[in-house]
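Student: What follows is the residue order along each chain.
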Amino acid sequence: MNVEISRRRFLQGSVALTVLGGVSLSSDNLFSNEKKKNASNSKSEDVPFLCGMCVNKCAGFAHVEDGIVKKLNPNPYFPKSRNMLCPRGNAGIHTLYDPDRLKYPLVRIGERGDGKYKRVSWDEAYDAILHGTDKFPGILKILDEEKDNRATIGYCNGEGLSKEGFEDLMGQKIGTPNYVDEISICLETTLAGYFNTIGAYGEADLNNADYLIIAGANRAEAIITPDTMDMFKRNRGRGLKIVALDPRYTNTVANADRWYAINPGTDLAFVLALTYVAIKEELYDKDFIAKHGVGFEDYKNHVLSNGYTPEWASKITGIPAEEIYKTAREFMTAKSPIYYQGRRSVFSKNDFQLRRAMAIFQGLSGNLDKKGGIIFGQKIALPKEDINAPMYAQVQERFDVKSVAIPTGKTGSWILFRNMVVEGKTPYPVRAMFMRKHNPLSGVPNTTKTVEFLKKMDLNVMIDILPSDTAMFCDVILPEASYLERESPVTSFGFLEPAVALRKAAVKPLYETKPPEVIYKELAEKLSKPLWENTLKYDEDVQDDTKGMKPEELEQYYKENGFDLADIWEKSVEEQNKEKIVKTFGEEAWKILEEKGIYYPNIEKYHKKINDNEYEYYPDDKKFYTTKKDKLKVVINFKNLAKKGVDPMPTWHADYAFEVPKGKFRLVTGRHAQFTQSGTTNNIMLRDLIRENYLWINSEVAKQKGIKFADIVEVTSSVGKIRIKAFPTLRIAPNQVFLLHGFGGSSKEMEFAYGHGANDAMIIEDKIEPIYGAAVMNETNVDIRKV
Amino acid sequence: MNYAIAFDYQNCINCKACEVACKEQNNVQLGADKQRIWVGQTEKVVFGKLFVNFYPSQCNHCLDAPCVEVCPTNASHFVDGGLVMVDQSKCILCKGCMEACPYDARFVDDEKVAVDKCTFCYDTRISKGYTTTACQATCPTKVRLFGDLDDENGALVQLLKKRKFFVLKQKEKTVPKLFYLLPEHDMNYAMNSIGHDTKLYTWDEMKPIIEKAKAKRIKQWKKS
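Chain order of the listed sequences is A and B.
Just so we're aligned, residue -5 is where the first sequence starts under the numbering used here, counting upward by one.
Just so we're aligned, residue 43 is where the second sequence starts under the numbering used here, counting upward by one.
It cannot be assumed that every hint is accurate.
To be verified - Here are the computed lysine-lysine pairs in the BS3-like style, where the Cα-Cα straight-line distance is at most 25 Å: (1) Lys697(A) <-> Lys86(B); (2) Lys294(A) <-> Lys280(A); (3) Lys86(B) <-> Lys603(A); (4) Lys91(B) <-> Lys697(A); (5) Lys702(A) <-> Lys213(B); (6) Lys627(A) <-> Lys274(A); (7) Lys602(A) <-> Lys256(B); (8) Lys603(A) <-> Lys203(B); (9) Lys86(B) <-> Lys702(A); (10) Lys719(A) <-> Lys86(B); (11) Lys603(A) <-> Lys204(B); (12) Lys64(A) <-> Lys203(B); (13) Lys502(A) <-> Lys602(A); (14) Lys64(A) <-> Lys76(B); (15) Lys91(B) <-> Lys309(A); (16) Lys170(B) <-> Lys602(A); (17) Lys170(B) <-> Lys590(A); (18) Lys213(B) <-> Lys256(B); (19) Lys719(A) <-> Lys742(A).
By construction, these hints were calculated from the structure, which means they are not laboratory data.
Here chain A stands alone, though its shape is the one from the complex (with noise of 0.2 Å):
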């Protein structure tokens, strides 16, 4: 029965986006051989463009005929990318075509949630924003009520080549510093991790390593380049031995060496152990720690005395202690081993200390810095905008990462933002979100409470192209162009092979969808000299300087002083970038930017076609390999942690174990390679690949309780419950379930979407890390029933 509906809904959907785009996608087939002839003398042009379907940038060209985005193919000349496009980024198209798409400014007229709105025109859509309509009240009531303190409006934005956009108009601008981003819900830890012990994240020379642990990251399903592209060449014999740990047999598992299935959130023990072994036998590279280690000593006895031993690790983890031997031993006497650093969100509450671990692991075997390491490489410097930034007096300080031990003063944490506007805690009112790119009822653990905490505001604005799950509790409505229909900031990419990218506009932005940055100027123009009376309403230092004034001067003051919210895009994105790259590299390199979508130094002399499918981007002596050399530390010892209550080297603590009550089972979540969160659900081609998620559970297990494949299981957690089918499976130990992220919408209005699969955030456990409250992903426990 329920393959029925489901095939129904799918064809429903499917008719419907052939009414859409028939012509467009079909053309070639319905047109007869005399009619192609004429399709030959139409417009087809290949247009640069960086992908938006995930955080990760690969480069291609839109074909484009007629103005209808026909075929989006890989481009050869990004050395990021390597002449590569994912399935994400094949199916673009349908993300541009999209018919659910945010089309027109929208105001609500119902109730929060219920998906009742009101098309309007840009300009209503921001008078609404300003004056609020008889549903909601507007930012200058907000601001008037809160005399001109800023941070009582919050706002969030997701990763994307415009956020920086949104954080000037927000953050600089209007002034707000009550922001949060994907950060605390991702890879804050692994950052912070690896750039407090070797300064920075660095890039895994994966083409040239030979030995390589690969722990937690799927980077067969997670896909990064160029790590996903070299990793998988490489492998089986060619050259890259691969030891991959992970809880789950992922598709990075299946093309791995070896697997070891580690215990979730042990893996600091797991590097430990493998530590312990370097040091106790010596294997590690004594004159590299010499010379850039700090406090290597300290560690040494920190290691050994707290008796670290594979045996010790063995019992925590679940990995045989001989394995454990094995792995260290061969990992240091490999030429060029790479602990590799992975980029997910955080599993574990220990997940600092585990980075920190990981890296200073890399540190022993010297394997930094160089061919075959651990690079830092370098990055093509492109001139920054000064932004003129208005000071406001009434402005408080952020108070959400104020109980945790290095507060991050810009993105600070999702959880601990919305949990004490929820709970009341917060030191003034937070009344308004202004959201961008950005869907935490999906992303952040414990959706109820991220409703509640929406519902909480009184004015919710958003600016995204797909009727997401927290668009429908937004009060406004602003449609985006997608990236096809946009030019973006020219951006330059760093490490081995640095170069600079741009993403054209391949066709004009659909319906009535702005660019971001149009957006962003119009909204500004709109609220600034309001916003500005409110400022000289309340703020006295404003007061003060401004006091007998002539209206003159006071508009002088007004745009000298960065009030004019605006100024920041009195040049378009078009001309900001062309100026910027002929500053920079001359006119030449602007024409080749333009045609190609990438430039970087020497690139007519560098790059060079090996065959159908290989390219040379830098010729080997140019890549930037090494390029710290005296300057690498490794920070084994930090003490200054201390100061901060923090382990100043890592230390595995009783409370991080593995623990799984009787009868229930830990959760653990994850990505896969034809998706990118909620935010591609709705994309119909993607839907052909994967349509739901299911709940992966052990085989031995499933056959125990009677649950057989399909079948609809109840899972839930201490703050939610969710129904989705269950895919028993031999990948996944017996006490562990798995669901992919990203599914199960509550939008109606995401047809293709809605009513498959469930949302992980319903029931992950909003718990945090100590360092900087970050969310954590993997220590929920669950019961299972079957329905």
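Using the hints provided, position chain B relative to the given structure of chain A.
Tutor: Structure of chain B alone, referenced to chain A:
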């Protein structure tokens, strides 16, 4: 011209970029079961160890293709380059070709009301000057190499001269043209995925088989 594809199949990570690129390039009907191209998967337990293997695949463009043989309307036919094509205006949906194909490479396109399958992108790319198929071009790990078996100096034949390879279901004797390169540095991987009785070929062994089949059928190759 005699087009074929070599597969460095152990590079495959089952990301399905090829499937999507194919659908977008060739206007393949939407739907999970409407695929000109697919990634097969074997999952086994070998000596208590779990083992998973991926096989990207598509129409083999067999030189001695049974699908062409059974077609009552000549909808399925050979064209220059040794390609098997479907003239969809002639297809009456008897589905005999789908039965005859050993590789299950064909399906019904409900919108075109005809059988559909891989064309090696001949109509959409190769005839327009591209040198790669859409599946090859997009692949992150570059599993495929498309080329001409008649070109001894071309990259494809040069590769087949260097590496041993096998074909799927060689016992069907249809002379298929997807050549799976033997994972020569990992014989366990090779044997686990293909079984011990799979015939391994060198180019010198395969070349006469191809030439014989081509000679048998070349009269039927239509100008494309």
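Student: For the pair supplied as a hint, Lys603(A) and Lys204(B), is the alpha-carbon distance within the 25 Å limit?
Tutor: holds, 21 Å
Student: Does the alpha-carbon distance linking Lys86(B) and Lys702(A) stay inside the 25 Å limit?
Tutor: Satisfied, since the Cα-Cα distance of roughly 19 Å is no more than 25 Å.
Student: What's the verdict on Lys627(A) and Lys274(A), does the C-alpha distance respect the 25 Å limit or exceed it?
Tutor: With a Cα-Cα distance of about 23 Å, the restraint between Lys627(A) and Lys274(A) holds, given a limit of 25 Å.
Student: If you draw a straight line from the CA of Lys603(A) to the CA of Lys203(B), is it 25 Å or shorter?
Tutor: With Cα atoms ~22 Å apart, Lys603(A) and Lys203(B) stay inside 25 Å; holds.
Student: Taking 25 Å as the top limit, are the C-alpha atoms of Lys64(A) and Lys76(B) close enough?
Tutor: holds, 19 Å
Student: Decide if the proposed pair is consistent with the structure: Lys170(B) and Lys590(A), CA atoms, cutoff 25 Å inclusive.
Tutor: holds, 21 Å
Student: CA of Lys719(A) to CA of Lys86(B), is that 25 Å or under?
Tutor: Given pair Lys719(A), Lys86(B) holds - Cα atoms ~23 Å apart, limit 25 Å.
Student: Are the Cα positions of Lys91(B) and Lys309(A) separated by 25 Å at most?
Tutor: holds, 21 Å
Student: When you check the alpha-carbon spacing of Lys702(A) and Lys213(B), does it fall within 25 Å?
Tutor: violated, 36 Å
Student: Does the structure keep Lys64(A) and Lys203(B) at a Cα separation of 25 Å or less?
Tutor: violated, 37 Å
Student: Going straight from one Cα to the other, do Lys91(B) and Lys697(A) come out at no more than 25 Å?
Tutor: With Cα atoms ~20 Å apart, Lys91(B) and Lys697(A) stay inside 25 Å; holds.
Student: Under the criterion that the straight-line Cα-Cα distance not exceed 25 Å, is the pair Lys170(B), Lys602(A) satisfied?
Tutor: holds, 23 Å
Comparing the model with each earlier hint shows violations of hints 3, 5, 7, 12, 13; every other hint is respected.
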